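Going down the list, the sequences are from chains L and X. Position 80 of the first sequence, counted from 1, bears residue number 80 in the numbering used here, the numbering being contiguous throughout. Position 86 of the second sequence, counted from 1, bears residue number 86 in the numbering used here, the numbering being contiguous throughout.
No lab work stands behind these hints, which were simulated from the structure alone. Keep in mind that a hint or two might mislead.
[Claimed, not checked] DSS-like mimics (lysine-lysine), calculated; alpha carbons at most 25 Å apart, straight line:
1. Lys223/X to Lys162/X
2. Lys126/L to Lys203/X
3. Lys65/X to Lys194/X
4. Lys65/X to Lys19/X
5. Lys127/L to Lys274/X
6. Lys173/X to Lys223/X
7. Lys271/X to Lys260/X
8. Lys260/X to Lys295/X
9. Lys52/L to Lys295/X
10. Lys127/L to Lys45/X
11. Lys274/X to Lys65/X
12. Lys16/X to Lys127/L
13. Lys204/X to Lys271/X
14. Lys126/L to Lys45/X
15. Lys162/X to Lys173/X
16. Lys223/X to Lys126/L
17. Lys126/L to Lys65/X
18. Lys52/L to Lys201/X
19. Lys45/X to Lys223/X
20. Lys274/X to Lys133/L
21. Lys133/L to Lys271/X
22. Lys162/X to Lys126/L
23. Lys19/X to Lys126/L
24. Lys223/X to Lys201/X
25. Lys52/L to Lys19/X
26. Lys133/L to Lys295/X
27. Lys203/X to Lys173/X
[Stated by the list, open to error] Calculated from the model, a selection of chain L residues having no Cβ within reach of chain X, i.e. all distances over 10 Å:
28. Leu14
29. Leu15
30. Ala18
31. Phe50
32. Ser76
33. Glu86
34. Val118
35. Lys126
36. Ile136
37. Gly158
[To be verified] To give a feel for the contact side, a few chain L residues facing chain X, derived at Cβ under 8 Å:
38. Ala38
39. Gly41
40. Ser93
The model shown is predicted, which means the values in this text are computed figures rather than measured ones. Even glycine gets a Cβ: it sits at the ideal position worked out from N, Cα and C.
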Amino acid sequence: MSEILNNSGLFLALLGAAFATFMAGIGSAIGVGKAGVAAAGVLSEQPDLFGKVLIFQLLPATQGIYGLLVGFLILSNVGLLGGVEEVSLLKGSLYFAASLPIAFAGFYSAIHQSKCSVAGIGTVVKKPDQMGKALILPAMVETYAILALLISILAVNGINGIQV
Amino acid sequence: MQQNDYTYAVARIRFKETKLLSDADLDALLSAKDTDAVMRLLHDKGWGDGTSHTSDELFSMEEEKLWSFVSECIDDLSVLDFLRVPNDYHNLKVAIKCITRDIEPNGLFLSDSVSDAEAVYEAIKNRDYNALPEYLRDAAKEAMTTLLQTSDGQLCDIIVDKACMEHVYRLGKESENDIIRLYCELFVASADIKIAVRCAKTKKKIGFIRRAMASCDSLDIDKLSSAAAEGYDAILSYLASTDYRSAIDAINTSMSAFEKWCDDDMTAVLKPQKWEPFGIGPIVAYIIARQNEIKAVRMILAGKVSDISENTIKERLRSMYV
């Protein structure tokens, strides 16, 4: 029983790392896919807009990278990338909790950012000179993914320093 | 996330919208000195296929281009049946009349219908009503029988037209999209109003009027048909109590002014779809805008041929979508 409890900490930390990576990753995959469909539609009519629409397609990709970063930090802190440390149940739970902001904010912000990107692609098709303005609108959604990333990183680093 | 939000189609349409004729383009066409100059301007705008052809060929080419583009963008065209079934009912009327008068329907069928017009023609010719699509079956049988028994072409038309209106209205009711529902409502209501006005002017009996009209939410057809039987002024006073009170001036002017009012009203409703990134709405709006555009060019060319003044043609032109 005590062995299960001792290993549960590591399991929860790993679950947190996985959660941050796959939730944000799924959001980005959906987002990039959606913006990609719109970009493909535009390119079938106006191939010279490739460079512009590619930027819009890549905007929702960042959340997946943020999730990967948090996942990597958790794995590194619990020693899963070399020299496994003993992780208590409480510490493992804390790591799991730390992964939640980027997991959820990453997932939802990527999907909503892609909707903004699709609308931005529509704007660029009609008014290519408004590229800058059209890009700012979906970029605003990124703010909330960055805030979530910040909290997740601060939490992961904070947990690393405490003895529980 | 919604499975089919038409992202690809709407993105392509955003580009196509930049190629639609604007009010300024129509002014340029109006100012052209003759039909050749209009045709040249249209070719510069990408109309036709670069070869020379008559105006009728140009219009059918543009209609074909429109529907071939739409079928490239959308997997399942049945969502747009409400725009295509009127062509089926038109083809049904053509088939019935050609068969009863023993003439060939060369060039009279409309393309872009849900069912193949030739198949409809063959089915009617062989009196094989079961070979017709289910939605045409009853109307075809009733219209054919009526025409053979009474030789009354008008009665035949109202049977088919009413079936068409009811079909479009049913498709609108089944749709979850507000734009489609609104289009179908306006389609039936405007047809009912036109029937009422024409019947009042030709002093038709209430039984005939009631038989020609189809029900819709925005009009009480019992009241409208009674008003039509009573006279033209009774129609206007009934319409004053409905959502169509702003159409009274147009109705007073002429039927073509009322048709313009209907098209302009629909265009005003559709305009916000220019900024809508998802859904079937922008596709419906583009198709209707393109059809209005073709209608506008047809009017300009017809006006030029008949030597009608620019101002007179301009009064009849619809507001453009872009």
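Regarding the pair Lys126/L and Lys203/X, is the alpha-carbon distance no greater than 25 Å? Between Lys126/L and Lys203/X the Cα gap is close to 52 Å, so the pair fails against 25 Å, i.e. violated.
25 Å Cα cutoff - pair Lys127/L, Lys274/X: holds, 13 Å
Given the proposed pairing of Lys126/L with Lys65/X, does the C-alpha separation stay at or below 25 Å? Holds, at about 21 Å.
Going by Cβ atoms, does Leu14/L stay more than 10 Å from chain X at every point? holds, 29 Å
Starting from Lys260/X, check that the Cα of Lys295/X is at most 25 Å away, please. holds, 11 Å
Confirm or reject: Leu15/L is not an interface residue toward chain X, with every Cβ-Cβ distance exceeding 10 Å. holds, 26 Å
Taken at face value, is the distance from the CA of Lys45/X to the CA of Lys126/L at most 25 Å? Holds: Lys126/L and Lys45/X sit about 17 Å apart, inside 25 Å.
With d taken as the least Cβ-Cβ distance between Lys126/L and chain X, does d exceed 10 Å? violated, 6 Å
Need the status of pair Lys271/X, Lys260/X: alpha-carbon distance at most 25 Å? holds, 16 Å
Agreement of Lys65/X and Lys19/X with the hint, judged by alpha carbon distance not exceeding 25 Å: Given that 25 Å is the threshold and the Cα spacing comes to 13 Å, the pair holds.
Holds or violated: are the alpha carbons of Lys65/X and Lys194/X at most 25 Å from each other? violated, 31 Å
Does Ala38/L pass the interface hint, meaning its C-beta sits closer than 8 Å to a C-beta of chain X? For Ala38/L, the interface hint holds, since the closest Cβ of chain X sits about 4 Å away, which is under 8 Å.
The structure is inconsistent with the numbered hints 2, 3, 9, 13, 16, 18, 19, 22, 26, 27, 34, 35, 40, although it conforms to all the rest.
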